[in-house]
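Visitor: Listed below are the residues making up each chain.
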Amino acid sequence: MTETANDELRWSQLMGNAQKGDEQSYAILLGELGAVIAAFLNSRFGPIDLIEDCTQECLIAIHSARHTYDTKRLFRPWFFAIVRNRTIDILRSQKSYKTALEKNRLGHIEGTSSPVEDEINKSMVFSMLAPAYRDVLLLTKVAGFTTAEAAEKLGLSESAVRVRVHRGIKETRKILQNEQVER
Amino acid sequence: MTHRNRLDLIKELSTNVPSVHPRSSVLLPAILWFSLSWIYVISLSLYLGPLRPNAIKSLITSPQFAFESTVGFISGALFCLIAFQESIPGLRRQWLVYLTYFSAILWLSCYVVGLWFPALEPSLIGKRAHCVLEAYLYSIPPLSVAYLIIYRRFPLNSLQAGVLTGVGAGMLPALFMQFSCMYDPQHMLTHHIGPITVAVIAGAILGVVFKKKRKLK
Numbered sequence: 001m002t003e004t005a006n007d008e009l010r011w012s013q014l015m016g017n018a019q020k021g022d023e024q025s026y027a028i029l030l031g032e033l034g035a036v037i038a039a040f041l042n043s044r045f046g047p048i049d050l051i052e053d054c055t056q057e058c059l060i061a062i063h064s065a066r067h068t069y070d071t072k073r074l075f076r077p078w079f080f081a082i083v084r085n086r087t088i089d090i091l092r093s094q095k096s097y098k099t100a101l102e103k104n105r106l107g108h109i110e111g112t113s114s115p116v117e118d119e120i121n122k123s124m125v126f127s128m129l130a131p132a133y134r135d136v137l138l139l140t141k142v143a144g145f146t147t148a149e150a151a152e153k154l155g156l157s158e159s160a161v162r163v164r165v166h167r168g169i170k171e172t173r174k175i176l177q178n179e180q181v182e183r
Numbered sequence: 184m185t186h187r188n189r190l191d192l193i194k195e196l197s198t199n200v201p202s203v204h205p206r207s208s209v210l211l212p213a214i215l216w217f218s219l220s221w222i223y224v225i226s227l228s229l230y231l232g233p234l235r236p237n238a239i240k241s242l243i244t245s246p247q248f249a250f251e252s253t254v255g256f257i258s259g260a261l262f263c264l265i266a267f268q269e270s271i272p273g274l275r276r277q278w279l280v281y282l283t284y285f286s287a288i289l290w291l292s293c294y295v296v297g298l299w300f301p302a303l304e305p306s307l308i309g310k311r312a313h314c315v316l317e318a319y320l321y322s323i324p325p326l327s328v329a330y331l332i333i334y335r336r337f338p339l340n341s342l343q344a345g346v347l348t349g350v351g352a353g354m355l356p357a358l359f360m361q362f363s364c365m366y367d368p369q370h371m372l373t374h375h376i377g378p379i380t381v382a383v384i385a386g387a388i389l390g391v392v393f394k395k396k397r398k399l400k
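Chain order of the listed sequences is Y and S.
Under the numbering used here, think of the first position of the first sequence as 1, with each following residue one higher.
Under the numbering used here, think of the first position of the second sequence as 184, with each following residue one higher.
One or more hints might be untrue.
Claimed, not checked - Under the rule of at most 25 Å between Cα atoms (straight-line distance), these lysine-lysine pairs were calculated in the BS3-like manner:
1. Lys-310/S with Lys-20/Y
2. Lys-394/S with Lys-170/Y
3. Lys-240/S with Lys-310/S
4. Lys-174/Y with Lys-394/S
5. Lys-72/Y with Lys-20/Y
6. Lys-170/Y with Lys-153/Y
7. Lys-395/S with Lys-170/Y
Stated by the list, open to error - Computed spacing ranges between beta-carbons, pair by pair:
8. Lys-395/S with Gly-155/Y: 31 to 41 Å
9. Asn-42/Y with Leu-372/S: 49 to 59 Å
10. Gly-155/Y with Leu-219/S: 55 to 65 Å
11. Ser-292/S with Ser-159/Y: 17 to 27 Å
12. Leu-211/S with Gln-13/Y: 23 to 33 Å
13. Lys-20/Y with Ile-257/S: 31 to 41 Å
14. Glu-158/Y with Leu-229/S: 53 to 63 Å
15. Leu-74/Y with Asp-191/S: 43 to 53 Å
16. Leu-289/S with Pro-131/Y: 36 to 46 Å
17. Ser-157/Y with Ala-249/S: 53 to 63 Å
18. Thr-71/Y with Glu-195/S: 20 to 30 Å
19. Leu-372/S with Glu-23/Y: 53 to 63 Å
What the hints assert, rightly or not - If we take Cβ atoms under 7 Å as the criterion, some of the chain Y residues that face chain S in the derived model are:
20. Gln-13
21. Asn-17
22. Lys-20
23. Gly-21
24. Glu-23
25. Gly-31
26. His-67
27. Asp-70
28. Asn-85
29. Ile-88
Since the hints were made in silico from the structure, they are not lab data.
In this text the structure is predicted, and so the values were computed from the model without any measurement.
In this text, a Cβ means the ideal position worked out from N, Cα and C, and glycines have one as well.
Just chain Y, same shape as in the assembly (with noise of 0.2 Å):
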């Protein structure tokens, strides 16, 4: 049995007992979830400071829609559209709040780079992104600034800025949706 597929049982059995009010199961299984959260937004975002938020925030939808899976259907389509949808929806609502990144100042703009943001700029969703819609979603949704900063870096009107803000989004649920994920 491969290991994807002994995750898929084991986590379906461990959700069906934490369906039925068992502690332990649900702790190891939120465990082991949160760990899978954490390492597929890093490899699709690169290391921008949302993905322990996104983690939490996918913890807690996982808990609200706990009663929504059947243990006779394959767990991994069902907490990866979870995954995929709050994801998408904490980008989207993401505000505007200074991060580390910050600090490194998007050097591409200005025409130098951190490693950081290579990292981030290699990352999957990242590097399938349009440059237009890259560059607006780093600057307003990982680097913090407000939607009038990063018109003024881009050289862009601050509608122009949304509207690739909001097409970006788009692009990334589209690219997130695409991908096979093993099932």
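Position chain S against the provided structure of chain Y, taking the given hints into account.
Guide: Coordinates of chain S only, in the frame set by chain Y:
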């Protein structure tokens, strides 16, 4: 944003975790809702007025009429199914969504074609004075019930679930008016299919309101 420790969160979520009654089935509630909604629409419609004379007989005498009615019925059932599928994460099947959209386009096309080649001779026989209002009356209660059932599961995209439910609920009266109101494809498009947009808007509002409610929880 959260800045707590993940282990604390897991401990918090798993301590005294209550047992839950799984609500993971979709087909059964969808069939139940669809059947009961039809009973509601037919009963209320017959209470408020009779069927158009020879409306049922037209199903046999006019294959085109039978075809557009059948396509509409299938499309309504498919919308109901995909709306309920939205309530369970990961259950949505894209091919089914495409099939549903295709059936809806085919259904609408029947009436557009009918503007030039109507299935039955257009006439005012059986006209209901307030068919548009009746359409709202028949669609809003089933819509609210359906959305409540969906909300009690876990729709990841509340707005989409609301819109799909709105289309499904709005199609019920539109289809039945085919038999209980006058036959004229133009009247069908403007007075029976047109009100579906109101059901869709109502569904979208329910989706947004319930999404906010869930966030507050």
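Visitor: A separate judgement is required for each hint: does it hold in the structure or not?
Guide: We went through each hint and held it up to the structure:
For the hint linking Lys-310/S to Lys-20/Y, the alpha-carbon distance of about 56 Å lies beyond 25 Å, and the restraint is violated. Among the hinted pairs, Lys-394/S with Lys-170/Y is consistent with the structure: their alpha-carbon atoms are about 19 Å apart, no more than 25 Å. Our distance criterion of 25 Å between C-alpha atoms is met by Lys-240/S and Lys-310/S, whose separation comes to about 17 Å. The suggested pairing of Lys-174/Y with Lys-394/S holds, with an alpha-carbon distance near 22 Å, which does not exceed 25 Å.
Only pairs whose Cα atoms come within 25 Å are accepted, and Lys-72/Y paired with Lys-20/Y is accepted, the gap being roughly 15 Å. Our distance criterion of 25 Å between C-alpha atoms is met by Lys-170/Y and Lys-153/Y, whose separation comes to about 23 Å. For a cut-off of 25 Å, the pair hint linking Lys-395/S to Lys-170/Y stands: about 21 Å separates their Cα positions. Distance hint for Lys-395/S and Gly-155/Y: a CB-CB separation of about 36 Å, consistent with the stated range 31 to 41 Å.
The hinted window of 49 to 59 Å between Asn-42/Y and Leu-372/S holds, with their beta carbons roughly 52 Å apart. Taken as a hint, the range 55 to 65 Å holds for the pair Gly-155/Y and Leu-219/S, whose Cβ atoms sit roughly 59 Å apart. A beta carbon spacing of about 38 Å between Ser-292/S and Ser-159/Y contradicts the range 17 to 27 Å that was offered as a hint. At about 25 Å, the CB distance of Leu-211/S to Gln-13/Y agrees with the hint of 23 to 33 Å.
About 39 Å separates the C-beta atoms of Lys-20/Y and Ile-257/S, a value consistent with the hinted range of 31 to 41 Å. The supplied range of 53 to 63 Å is met by Glu-158/Y and Leu-229/S, whose beta-carbon atoms lie about 57 Å from each other. For the hinted restraint 43 to 53 Å between Leu-74/Y and Asp-191/S, the CB-CB distance of approximately 30 Å leaves it violated. In this structure, Leu-289/S and Pro-131/Y meet the distance hint of 36 to 46 Å, their C-beta atoms being roughly 41 Å apart.
Distance hint for Ser-157/Y and Ala-249/S: a CB-CB separation of about 56 Å, consistent with the stated range 53 to 63 Å. Between Thr-71/Y and Glu-195/S the Cβ separation comes to about 25 Å, which falls inside the hinted range of 20 to 30 Å. In this structure the supplied range 53 to 63 Å holds for Leu-372/S paired with Glu-23/Y, their Cβ-Cβ distance being about 58 Å. Proximity of Gln-13/Y to chain S is violated relative to the hint, the smallest CB-CB distance being about 14 Å (cut-off 7 Å).
Residue-level restraint check for Asn-17/Y is violated (minimum Cβ-Cβ distance to chain S is 10 Å; threshold 7 Å). Contact between Lys-20/Y and chain S, as hinted, is supported at the beta carbon level, the nearest pair being about 5 Å apart and thus within 7 Å. Because the smallest distance between the Cβ of Gly-21/Y and any Cβ of chain S comes to about 4 Å, under 7 Å, the interface hint for this residue holds. A distance limit of 7 Å between C-beta atoms decides the matter here; for Glu-23/Y the minimum to chain S is near 5 Å, and the interface restraint holds.
At about 6 Å, the closest approach between the beta carbon of Gly-31/Y and any beta carbon in chain S falls short of 7 Å, and the interface hint on this residue holds. Interface hint status for His-67/Y: upheld, as the beta-carbon distance to the closest one in chain S is roughly 4 Å, under 7 Å. With a cut of 7 Å, the hint placing Asp-70/Y at the interface with chain S holds, because the nearest CB-to-CB distance is about 3 Å. Hint on Asn-85/Y holds. Least Cβ distance to chain S is approximately 4 Å, under the 7 Å limit.
For the restraint placing Ile-88/Y at the interface with chain S, the shortest Cβ-Cβ distance is roughly 10 Å, beyond the 7 Å limit, so the hint is violated.
Violated hints, listed in ascending order, are 1, 11, 15, 20, 21 and 29; each of the other numbered hints is respected by the structure.
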